[in-house]
Amino acid sequence: GPVSVTIPASPFMQKLGFGTGVSVYLMKRSPRGLSRSPWAVKKINSGCSQSQRSLYQRRLREEAQTLRNLQHPNIVGYRALTEAPDGSLCLAMEFGGEKSLNDLIEERREQGLGMFPAATILHVALSMARGLQYLHTEQRLLHGDIKSPNVVVRGAFDSVKICDVGVSLPLDENLAVSDPELSYVGTEPWKPPEALEPGGIISDRSDIFPLGLTLWEMLALSIPHLPLPQSGSEEDSFSEESFDEDSYYAALGTRPALPPEALDPS
Numbered sequence: 274g275p276v277s278v279t280i281p282a283s284p285f286m287q288k289l290g291f292g293t294g295v296s297v298y299l300m301k302r303s304p305r306g307l308s309r310s311p312w313a314v315k316k317i318n319s320g321c322s323q324s325q326r327s328l329y330q331r332r333l334r335e336e337a338q339t340l341r342n343l344q345h346p347n348i349v350g351y352r353a354l355t356e357a358p359d360g361s362l363c364l365a366m367e368f369g370g371e372k373s374l375n376d377l378i379e380e381r382r383e384q385g386l387g388m389f390p391a392a393t394i395l396h397v398a399l400s401m402a403r404g405l406q407y408l409h410t411e412q413r414l415l416h417g418d419i420k421s422p423n424v425v426v427r428g429a430f431d432s433v434k435i436c437d438v439g440v441s442l443p444l445d446e447n448l449a450v451s452d453p454e455l456s457y458v459g460t461e462p463w464k465p466p467e468a469l470e471p472g473g474i475i476s477d478r479s480d481i482f483p484l485g486l487t488l489w490e491m492l493a494l495s496i497p498h499l500p501l502p503q504s505g506s507e508e509d510s511f512s513e514e515s516f517d518e519d520s521y522y523a524a525l526g527t528r529p530a531l532p533p534e535a536l537d538p539s
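FYI, the numbering for the sequence shown is 274 to 539, going by our numbering.
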């Protein structure tokens, strides 16, 4: 049941990000003058309709149940499930870091710094791989939505943690999703080929393909399969006119080309 934790009203917390029907806030905790580790609080938006609210509440309860059983240094930890003063359901989690990997990729692109150093990419790769190995082999869970926005980073990559297990799926003894009622959700640009094919077999490998694309993002500083931003151009994004929808859909589930600067000329 709900834990006795007082969640401040939304205006008194720093907003970290948002998703469908939910926002994530930073909750600083200093009870009786003691300084404690802050929490990240995922809160259902108060503007949702009643039907949306019940759906998001069910999802948040399921995510809390999944997170409660997880304990790994590369996965954001569970803290509490409770209600805010406005009655909204809230999931309190370990605060994994100020920024998502996606935020850091965007910042690097905007600053014209080029791809991340190889040592940083290797550190992220190992951190994510360890978290996924724990999920797959010890918890028999597929994360189901691996991408740079679902990786949180503290400081100068001091810690790297996977977050958002809200669409995770149980794996059987063969590390496959065998329940026909369940389907892979994911996010389109990061989807593996088997999630795009009718009758494709979803397994632990379905987290590994988007892991590879997440590392590719650190090289290309771009979202997979979308036009690469022209560095140095005033318009650091693509326009609707230049977007080739057919090419985008044809490219989904394939390995994008590495940017030239990522290739060793030797």
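Please keep in mind that the hints were generated in silico from the structure rather than gathered at the bench.
Owing to the predicted nature of the structure, the values given are computational and were not obtained by experimental measurement.
A couple of the hints might just be wrong.
[As the list claims (entries may be wrong)] Label-pair ranges, simulated between beta-carbon atoms: (1) Arg403 to Arg334: 21 to 31 Å; (2) Ser327 to Arg427: 29 to 39 Å; (3) Glu534 to Thr460: 19 to 29 Å; (4) Ala449 to Arg403: 13 to 23 Å; (5) Glu335 to Ile474: 41 to 51 Å; (6) Asp359 to Gly472: 21 to 31 Å.
We treat Cβ as the ideally placed atom computed from N, Cα and C, and that holds for glycine.
Taking the hints in turn, this is what the structure says about them:
no., hint, in the structure
1, Arg403 to Arg334: 21 to 31 Å, "28 Å, holds"
2, Ser327 to Arg427: 29 to 39 Å, "34 Å, holds"
3, Glu534 to Thr460: 19 to 29 Å, "26 Å, holds"
4, Ala449 to Arg403: 13 to 23 Å, "22 Å, holds"
5, Glu335 to Ile474: 41 to 51 Å, "24 Å, violated"
6, Asp359 to Gly472: 21 to 31 Å, "44 Å, violated"
Violation of the numbered hints given earlier is confined to hints 5 and 6; the remaining hints are satisfied by the structure.
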